[in-house]
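**Student:** One letter stands for each residue in the lines below.
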Amino acid sequence: MTDDNLDPTSLDPEEMLDGMNPEDLDGHTIDELSDYLDAGREPRNESIENSPGARIALDALARLRNESWAMLEVEALADPDRDQSWIKNVLTNISRESRAGRDIPISHPDPAVRLNITEGSVRGLIRVAADGIGGSIIGKVALDGDVTVPGEAISLDVTASATYGQNLKSLSQLIREKIAAELAIHTELNVVAINVTIQDVHPEPTEETP
Amino acid sequence: MGARSSNFLNTAPDGILAARAADRDVAAFEVLVHRHGPLMRAYAAKVLGVASEADDVVQDVFIQAWDQLDRLSDVTAVKSWLMRMVSNRSIERIRRRKDLVNVDDWDAPVAANLTPEHVVEVKLQMNALATAVDRLPEMQRQCWALKEIGGVPYAEIAEQLGVPVSTVRGQLARARRTIIQEMEAWR
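Just so you know, the protein sequences line up as chains P and F, in that order.
Under this note's numbering, the first residue of the first sequence is numbered 1, with each subsequent residue one higher.
Under this note's numbering, the first residue of the second sequence is numbered 1001, with each subsequent residue one higher.
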């Protein structure tokens, strides 16, 4: 490598690579070593493992892989103000149309009147009610069965995450009762089962904003 | 809306947030954007080399994600799903650029794209690795970021960019050699 005061970026990369050429790696190439690393250094390649030059390069490649994510995370932290502005931009550009889903009929004394509540709003209702208990956050809400036909047997599948340190059995029971009560007030659904799956636990929310 | 009202969702796991967002819960989606957006943007910036383009890519990805979340089968994998979308959108951008410039010029160093502010910023972070990556010739940097960070397979990068797999492998090997060479502390 020459020591002229050249802009290093104007050099051919090949010229800057002393120590990483096949002759320094006992005939192995970086491409080959990368594949060997990808394969978890299996099956063991004696020629690579016995070459000090190749082993140095292998270690450096492994380190590069690990630190690439760390580098990205540092860069991601760089500019919180800018984050705020583009995040706001994303949120103003998404469609606010709800996913209405199916129409759930509600009876009315006047046969000429047809009342419906959408599946989407029932899911929203369930979320708000169950979140209100505290100690858990509802995820997915699925209504199983033909909700468009009055009286049809409907079962509910709900996922939730619980804050640490709770009795999950009594929590799921609370969630079930709350949902059943809420649905009885707002719908005429014939709910035969409410299945609650606590799929995760999470720490207590902090006072800080995200 | 705003950060305040979504506060109780801040510590919720990804899968819960993704399921809610699939059901059009804006507050849950907002937490996902806050949680993963900065990393996605840093990744796109590494692939594309231009921060403003990275902003566009990540905004597009989130808008697309909002509309497609209900089709995501495993909601707990939302982060890798989002990162994959960033890979795809970034590749799209590179292809569009490629249509505009001569492919032969493509491998030229992009040091000129580094603004003085960016150089200072990177130095302030004392992040030698970031500097080494940013100094790579464009195609090397693209291939490196897509494979090393995005985990996009060689064959897919090659197909998407319309170059032979051997080219992608060659670019990546050169990128790795150059970076390792510059990271003297590692040896």
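Any given hint might turn out to be false.
Claimed, not checked - Once the Cα atoms are required to be at most 30 Å apart in a straight line, the calculated BS3-like pairs of lysine-lysine come out as:
1) K1079(F) x K1098(F)
2) K140(P) x K88(P)
3) K1098(F) x K169(P)
4) K178(P) x K140(P)
5) K140(P) x K169(P)
6) K1098(F) x K140(P)
It should be emphasised that the hints constitute simulated quantities derived from the structure, not laboratory data.
**Student:** Are the hints correct? Go through all of them and say.
**Tutor:** Evaluation of the provided hints:
| no. | hint | in the structure |
| --- | --- | --- |
| 1 | K1079(F) x K1098(F) | holds (29 Å) |
| 2 | K140(P) x K88(P) | holds (25 Å) |
| 3 | K1098(F) x K169(P) | violated (58 Å) |
| 4 | K178(P) x K140(P) | holds (16 Å) |
| 5 | K140(P) x K169(P) | holds (19 Å) |
| 6 | K1098(F) x K140(P) | violated (42 Å) |
Of the numbered hints given earlier, the model fails hints 3, 6; all others are met.
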